[in-house]
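> As a plain string of letters, each chain reads:
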Amino acid sequence: MASSTFPTTRPPFYRDTRVIAVILQLIFLIALLLTGWFLYSNMVARLAASNTAAGGALSWAFLNQTAGFGISEGPAFRPDESYGRAFLVGVANTLRVGVVGIVLATLLGLFAGIARVSTNWLLNRLAAVYVEIFRSTPLLVQLLFWYVGVIAALPSIQDAAELGNLGYLTNRGIHLTWVFITETGRLWLAWLLAGFVVGLGVSWLRRRHLERNGLPGSAALPGVLVFLALAILGYIVADRIASLPAATTYELRRGDRGTLFEDVNRNGVYEPGVDRALAYVPITLFDQQGQVVASGITESDGTFRFINLPAEAVRLEWETPAPLAVSEPQLQGFNFRGGLSLTPEFAALLIALVVYTGAFVAEIVRAGISAVNKGQWEASRALGLNTGQTLRLIVLPQALRVIIPPLTSQYLNLVKNSSLAIAVGYPDLFNVSRTIVNQTGAEVQVILMVMATYLSFSLITSLFMNWYNKRIALVER
Amino acid sequence: MNKRLTLLGVSLLIIAVIYSACAAPAPAPAAAPAPAEVAATEPAAQAGSLLDIVKSRGRLICGVNNQVPGFGNVDANGNYSGFDVDFCKAVAAAVLGDANAVEYRYASGTDRFTLVKSGEVDVLFRNTTWTLTRDSAEVGMEFMPVNFYDGQGMMVRKNSGITSLEDMDGATVCVQSGTTTELNLADVFRAKGLDFTPVVFEDNDKTAGAYDEGRCDGFTTDKSGLVATLTKLTNPDEHMILEETMSKEPLAGAVFQGDPVWADAVRWVVFGLIQAEESGVTGQNVDQMLSSEDPTIKRLLGVEGEMGAKLGLPNDFMVQVIKQVGNYGEIYDRNLGPNTPFNLPRGLNALWTEGGLLYAPPFR
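If you read the sequences in order, they're chains H and F. The first sequence begins at 1 in the numbering used here and counts up one residue at a time. The second sequence begins at 1 in the numbering used here and counts up one residue at a time.
Wrong hints could be hidden among the right ones.
If you anchor each label on the Cβ, the simulated ranges turn out as follows [claimed, not checked]: (1) N235(F) with R135(H): 38 to 44 Å; (2) D167(F) with L123(H): 52 to 58 Å; (3) I30(H) with S56(F): 33 to 39 Å; (4) L459(H) with P236(F): 49 to 55 Å; (5) P236(F) with R315(H): 44 to 50 Å.
Residues on chain H that point at chain F, a partial pick, calculated with CB under 10 Å [said to hold, decoys possible]: (6) L47; (7) A49; (8) S59; (9) G70; (10) I71; (11) N171; (12) R253; (13) R257; (14) I307; (15) G333; (16) G425; (17) P427; (18) R434; (19) T435; (20) G441.
Don't read these hints as lab results, they were simulated from the structure. Remember, it's a predicted structure, so these values are computed and weren't measured experimentally. The C-beta atom is built at its ideal place from N, Cα and C for all residues, glycine as well.
Just need the whole structure built from these sequences, with the hints factored in.
Here it is in structure tokens:
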């Protein structure tokens, strides 16, 4: 009956949504390919015109050439090392500020976010002011504020502000007394790792036991205790039996500086990459008459250096260090040596990234907590849990589902924003790359490397966060 | 379904419009009245020499510094001035007959060569040191004659107790990135066996600012740059420049390597400025000099021979240059001479006839 009222012929193809969809997609694809081809051929033509590397082909040989410039911080780098290694130092510096930044921004954001939903009026208002100020001003402005307005205004190095025994505060950076793991500490690290694994196992067994029998109590505590016990035992053992390698020797220059190292190829000369520098080893320098002229400990790259010695040293003795060594900053010549130094550039960048990203994280945390049904709070209180327990056991686990996806974006933003380091001279990936481009003329290659590096950072972060998101989603059912 | 389809259609339309707008000039890059912006970014190999492009565009795009008084600086009103800036003006006067037909573009230490290679600027006059690597196909610059012979120096605080580089063991030094000074600094300290920590910034103002704040014990750049920057520090009297010269820094203009016609034109403008000083032709007397009997001056000013035409320039190109900008000596005096705050002695930058290194090949 109805069949007679509908046409039986197919509609023309331009009215058939299935055909149109395919055609439009094809057009789009072709346009995309043409655009890509246009950009690519443009680049090749220009490269060929400037004779850069035969006929526009991209050469990667520059990576092995000597860089010739210094890098102010990060893994030890000397100007006679290659561009490739300089790039890796930049990568390490980006990772350093990125990883530390993500951890600190998360903590700050979590705290500020919880404060935002707190019933404590002062806390609540303070958090609101923090979030609104730092979320609403550009990051570059904040970065320059921290660098020029705060850190550069600290006292000069001659009249450094002393932080008790903890260290010094100057406009050259923050110099802290710090504990370092020495050469013999490697053995102790193995003990720590073993202790961690055993501790996890103990916790897991304990949790199973508690859950099976429905008992209250902490599953983590026994694990932590086991870990601590093994750590202490390991420290004592490492201190007793560890020793420096038999081929340990040193290089002494100008009578006041040099490197302590394990002479792997036994040729008596320190060759970075082949020989192994020995970090945080106590050393004593002697002069011609056998008098002690100086003593101290080597630095992270195995070097030592003294200023204004009373006499030139000709000999050096070293001691086997304990697994941990305390290093205090000391003013030598123009700068502090020893201890942990945070340069103004690193400090400014880290503070700026943490404070800025923390404000966004705080809003995400607040949104996550608000998303949890009010009934959950009330039910929890009715069961007799206090506010802290409610937050920790009931609300946050549920809020995490809402929090994790936008949090991932903030982590990615933090790592990418770290490229603003160039404004304060912190030698991150982007900053070092710019110098490499300038000196080698390999714009296309280096930009490709930079993009690939940031992309892999972002993808790895995303993958991890997606995995974590799935995991908590499962727990939630 | 329909809504999605419409959305797709609309976005496709937008993409198609954008694409056709971008792609349209591509098949016919040499088409005559192309807008200036398009011409500027068009690869030289396809579009003929930059000389023709600059002429048809009617103005010169010149990469300069804007933070070094005396060389390339920009004042509160946005006017550029300085030694390097005057060379831009000279090229514009020669090619276009108007010294003010210049569009200045700030070239930072790190991106200056990229600007030239990508065609963003026609010529670079930005206290740039001529080195082998930069001249080679690797970086791809074509260097012009040296217009300023310089050397790297070190500025320190008077009260720091530093009197020579030997005293700077373990010092922190502020330096600008992407410069030869950054490399020389490493070389010099390596050669002396001294340790140092470089703190590297993108531009001269930031570098000098960090030094001024006390971030560094020393500030290093070309000596001329140090003299110029000294005037910008909070208390210039508290600082001094060490005697030592750490390197040779022949500063020169640069153009894109794949364009010999343009390179020759710019090169002979620079030589012309030097020759004009040697021949005694100045902005004041250039009109009288047109009737000079000296054959060198006749050829220089285009009264005799077809020197300009051989370069693709008007025969009287040097007349325009000297009238509007002056000769080398006048440019030097105006920007760096005794009546300026810098009062830099000519030194190596005197004519060869007066014990300097400036020497122009014959105009014939």
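> Hint by hint, which ones does the structure fall short of?
none
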